[in-house]
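Chemist: Construct the entire structure; sequences and hints are all you get.
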Amino acid sequence: MLDTFEILTTSGVVLWSRTYVPVGANIINSLIRDVFIEERIIPHSEEAGAKPTYRKEAYTLKWTAAKDLGLIFVAVYQSLVHLTWIDKLLDNVRALFTGLYGEQLKKEHTSVVDCSKFTPYFERQIQELEGTSDSAPSVKLTPPSSSNGESAEESAPALPALQKAQRPLYDTSADSTPVPTPDTSRPNTPGQGQGPTHLLTGKSRPGGGKLSRRDRKKASAVTSAPASSGDEASVKRKAKGSAKKNRIWGEYGAEEEDSSTILDYSQTDIQDGTSQPEALEEIKQETWGRKTGKGQFVLKDLDEEMDQIIAAENAKKESATASGGIVGSSLGALGGLFRNVVGGKTLTKEDLVKPLKGMEEHLLKKNVAQEAVVRLCESVERDLIGLKTGNFTTIESTLRTSMEKALTKILTPTSSLDLLREIQTVNASGRPYVLSIVGVNGVGKSTNLSKIAFFLLQNHHRVLIAAADTFRSGAVEQLGVHVRNLKELSKREGGEVDLFQKGYGKDAANIAQDAVVYASKNDFNVVLIDTAGRRHNDARLMSSLEKFGKLANPDKILMVGEALVGSDSVAQARNFNNSFGPGRGLDGFVISKCDTVGDMVGTLVSMVHATGIPVVFLGVGQHYADLRGLNVGSVCRLLMS
Amino acid sequence: MPWYDTDSWLTAAFAPHPATMAFTLLLVIALPILLHTFIYRKQTPTSLPGFVLLGPSGAGKTAFVTLAERSAVAQTHTSTSPLAIDAILPDTIVPTSAHYRSPGDPAYERARRLLLQDTPGHGKLRHFAAAQLANPINVRGIIFVVDAAAVADEAGLNEAAEYLHDVLLALQKRYTGAKTSKGPKEIPVLIAANKLDLFTALPPHLVKISLERAISEVRKSKAKGLKDSGVAMGGEDDGLDEEREWLGEGGDGPFEFRQMEEVGTTVTVKGGNVIGGDAADVQSWWEWIAEHL
Ligand SMILES: Nc1nc2c(ncn2[C@@H]2O[C@H](COP(=O)(O)OP(=O)(O)OP(=O)(O)O)[C@@H](O)[C@H]2O)c(=O)[nH]1
Ligand SMILES: [Mg+2]
Chain A
1 MLDTFEILTT SGVVLWSRTY VPVGANIINS LIRDVFIEER IIPHSEEAGA
51 KPTYRKEAYT LKWTAAKDLG LIFVAVYQSL VHLTWIDKLL DNVRALFTGL
101 YGEQLKKEHT SVVDCSKFTP YFERQIQELE GTSDSAPSVK LTPPSSSNGE
151 SAEESAPALP ALQKAQRPLY DTSADSTPVP TPDTSRPNTP GQGQGPTHLL
201 TGKSRPGGGK LSRRDRKKAS AVTSAPASSG DEASVKRKAK GSAKKNRIWG
251 EYGAEEEDSS TILDYSQTDI QDGTSQPEAL EEIKQETWGR KTGKGQFVLK
301 DLDEEMDQII AAENAKKESA TASGGIVGSS LGALGGLFRN VVGGKTLTKE
351 DLVKPLKGME EHLLKKNVAQ EAVVRLCESV ERDLIGLKTG NFTTIESTLR
401 TSMEKALTKI LTPTSSLDLL REIQTVNASG RPYVLSIVGV NGVGKSTNLS
451 KIAFFLLQNH HRVLIAAADT FRSGAVEQLG VHVRNLKELS KREGGEVDLF
501 QKGYGKDAAN IAQDAVVYAS KNDFNVVLID TAGRRHNDAR LMSSLEKFGK
551 LANPDKILMV GEALVGSDSV AQARNFNNSF GPGRGLDGFV ISKCDTVGDM
601 VGTLVSMVHA TGIPVVFLGV GQHYADLRGL NVGSVCRLLM S
Chain B
1 MPWYDTDSWL TAAFAPHPAT MAFTLLLVIA LPILLHTFIY RKQTPTSLPG
51 FVLLGPSGAG KTAFVTLAER SAVAQTHTST SPLAIDAILP DTIVPTSAHY
101 RSPGDPAYER ARRLLLQDTP GHGKLRHFAA AQLANPINVR GIIFVVDAAA
151 VADEAGLNEA AEYLHDVLLA LQKRYTGAKT SKGPKEIPVL IAANKLDLFT
201 ALPPHLVKIS LERAISEVRK SKAKGLKDSG VAMGGEDDGL DEEREWLGEG
251 GDGPFEFRQM EEVGTTVTVK GGNVIGGDAA DVQSWWEWIA EHL
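For the record, the sequence lines run as chains A and B.
Sequential numbering of the first sequence, starting at 1, is according to the UniProt record's numbering.
Sequential numbering of the second sequence, starting at 1, is according to the UniProt record's numbering.
Derived from the structure by calculation, the hints contain no laboratory data.
Don't be surprised by glycine CBs; every beta carbon is placed ideally from N, CA and C.
Treat the hints with caution; some may be incorrect.
As the list claims (entries may be wrong) - Have a look at the derived ranges for each label pair, beta carbon to beta carbon: (1) B/Q283 <-> A/A25: 19 to 27 angstroms; (2) A/T596 <-> B/N138: 41 to 49 angstroms; (3) B/G253 <-> A/E396: 50 to 58 angstroms; (4) B/Q283 <-> A/E305: 38 to 46 angstroms; (5) A/R431 <-> B/T96: 48 to 56 angstroms; (6) B/S47 <-> A/K388: 20 to 28 angstroms; (7) A/D498 <-> B/E186: 51 to 59 angstroms; (8) B/Q283 <-> A/K547: 57 to 65 angstroms; (9) B/A130 <-> A/E396: 22 to 30 angstroms.
To be verified - Straight-line Cα separation of at most 30 angstroms, DSS-like style, residue types lysine-lysine; simulated pairs: (10) A/K409 <-> B/K227; (11) A/K521 <-> B/K220; (12) A/K405 <-> B/K222; (13) B/K224 <-> B/K208.
Modeler: So, in structure tokens, the structure goes:
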């Protein structure tokens, strides 16, 4: 069963929500962070054509968006349940919501959308969709935490008559004694049930709506019954109550309004209202009350209206795509051309094909790997379709700004690395800070390690450099030369540096471990470990990294990549990132030889794209001082130039 | 030459001179338009005084915005796009600019309106905030929201401090880089210590002290850190950025918010909570806003 359905804006405000079982806010927050912002998890759909899913803890989330209005529709349900109709629900709700409130949503400088009347529409959608699908068996799989809905659901089709007969009982006694009926004798109160309860029964009888109203009432009556089962239950009940009222405003305010609104009720409603006025407040006042007042019944109207809205929205969409497809009419083409210049054109996939192609080639020329280009272009395309171009902006310039934004987003680290401060924090806990460097052969691992060492020496650290490249002949000596130079320089700069080496042939992981022990004994506060270069597709050498990571346990593992490398960068980054075993990955990239590529700095993007791990240093020359932090703005400018 | 001379400008002004006619015509056409725009602008200020909300993700910026707009908080999630809303000061608060007006006066009502601009706080989305800071048109103040419970631990404190450091540095740069001798309009900063309803939250004065201490650290390590790649790779601003930026007073002393006054930014710390407790308590923030409206 559905746990929660929320409609929220990209600016983070929940406009409308329906909660069956409370779900922590962090679940949807992590969907936003992982999928929309950091794009760390590329959502995949289980079946072709289905909406993508995202899993977090025990929940599965599905979503859809209305880009032009900045809306996100999210459905959250337990992963154990297999719900086939969620896609359809999302689509329908989107069509309904945009159809009903599209105008309100376009207003500027406000986040308020009065969508209190939306609940009946939503309820009807659920009823219809659940009715058409055969998801009943799967319901049993649901763990008890969400079983409130299901218990009612099971009983509803089975015992319509019984239920009908006993309804008066509920009306009067629900507050006091639970009557041992199939419904109430269930371990969980049926309080939750209204959505699913009338699912099958509602349609079969003309007065189905009455049932649903009564159910609602019944549900809320139980909801407000005195707490008898401890904390957990009361929490649940509270959440249920708020869900019923469809309050998106949180817990304040709504409680006070009810007494005044009961009055305009027809006879039955008063009855309902007095027994449980609070829970009915929204519904009766807005839609239900008005219609019942006229003495006709509601659901039929609602259904028709709903179908109309959905059809209209779909037609709108269709006509948009059609007009994009058939450019045969010369007038339309001319208008499109005009609007392309002046702005105010709603972008369709077709409009974007050509400019995107151009953008793709441009990025490829900048040495961005194919895979990363495709992803960037797709994300930009997703961003732009359905969007209106601003006044006096062409598609091309809209695309440009959008791509710039995408690049900024991908390159900006979630949190910036401040090496000096980290060293401080780690040293404060009484152990040396360990940083190690990995990468393929010949990318400049030792050189960049020395540059980092130089930077640390300038800040008066005592640095131990460990030669854990016991594989390539000459590697230790090469590092020895660097250390000699650094010693020379550190006389001026302050700080102290030494080399830790055990010759060739030994196991790198052990050397690294020894180096750390040696460092703590001899009062070094930073250990830099150089490792042997290895092809990222050499399984044997790569597998030794896992042991290395475990034994040396570096605080940071940086991978050096060459700015010159082309499409291979993606595979390199990925393989190295995965080579340390589960739970451990790279912490950052050092991109070397940036001075040799001019503006073709695409490698940065490729590597970050492949792993979501930030670039922390750039090597920009031959001297020890030629190490830089990343300036995202300037890299973006280079890429877009 | 006397005024009655045929060549005097006064005579020329009354003569059917083509230049005179052209000038008059221009005046006739332009004056109403100018007058209209002048008065129109005066009456409905096209842009309200703005307050920009900054701060790390999850601090409660969006929650505050919704509280300001309706009288109750809406449920919120991580923002991915900025949001601007029209807000009106609560009835209990009178802005300094309207002390002498009586309620009911339309000017009084107008003086109570403001634009609250929310920005996403996620590290990857701070470019929205940066754009606001780079070009603060009509910005009367910056409200930097921090989660007083999150700054109780090291990681949360560092994140907030780093962000705040960058914000203050941007304001300082704007001040020192101004071309006019008078300096640009002052932009005050309110550090809104939010979530005081949580028992793990630090009280406002401790939030202030911790932030000052953390910013001192950030400042120090920023100064010692590596230069960034802009100069070496872009080549466009060569030599310009060589000088390191240093927030606040020179010297090795600790950073204090007081030092920002020299560069036209007063920093105030006030506590509150948007949610929880018995009710929301953001009175002190509103007072600050009213003071700077
Ligand atoms: N206990 C408590 N929680 C609060 C308070 N203010 C906000 N919150 C909660 O903090 C969470 C984050 O609030 P938001 O307003 O969405 O955070 P934000 O600053 O907009 O975050 P981003 O949009 O990611 O930048 C929400 O779940 C709020 O309910 C408060 O005063 N007390
Ligand atoms: Mg927000």
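Chemist: Please write out, lowest number first, the hints stated earlier that are contradicted by the structure.
Modeler: none
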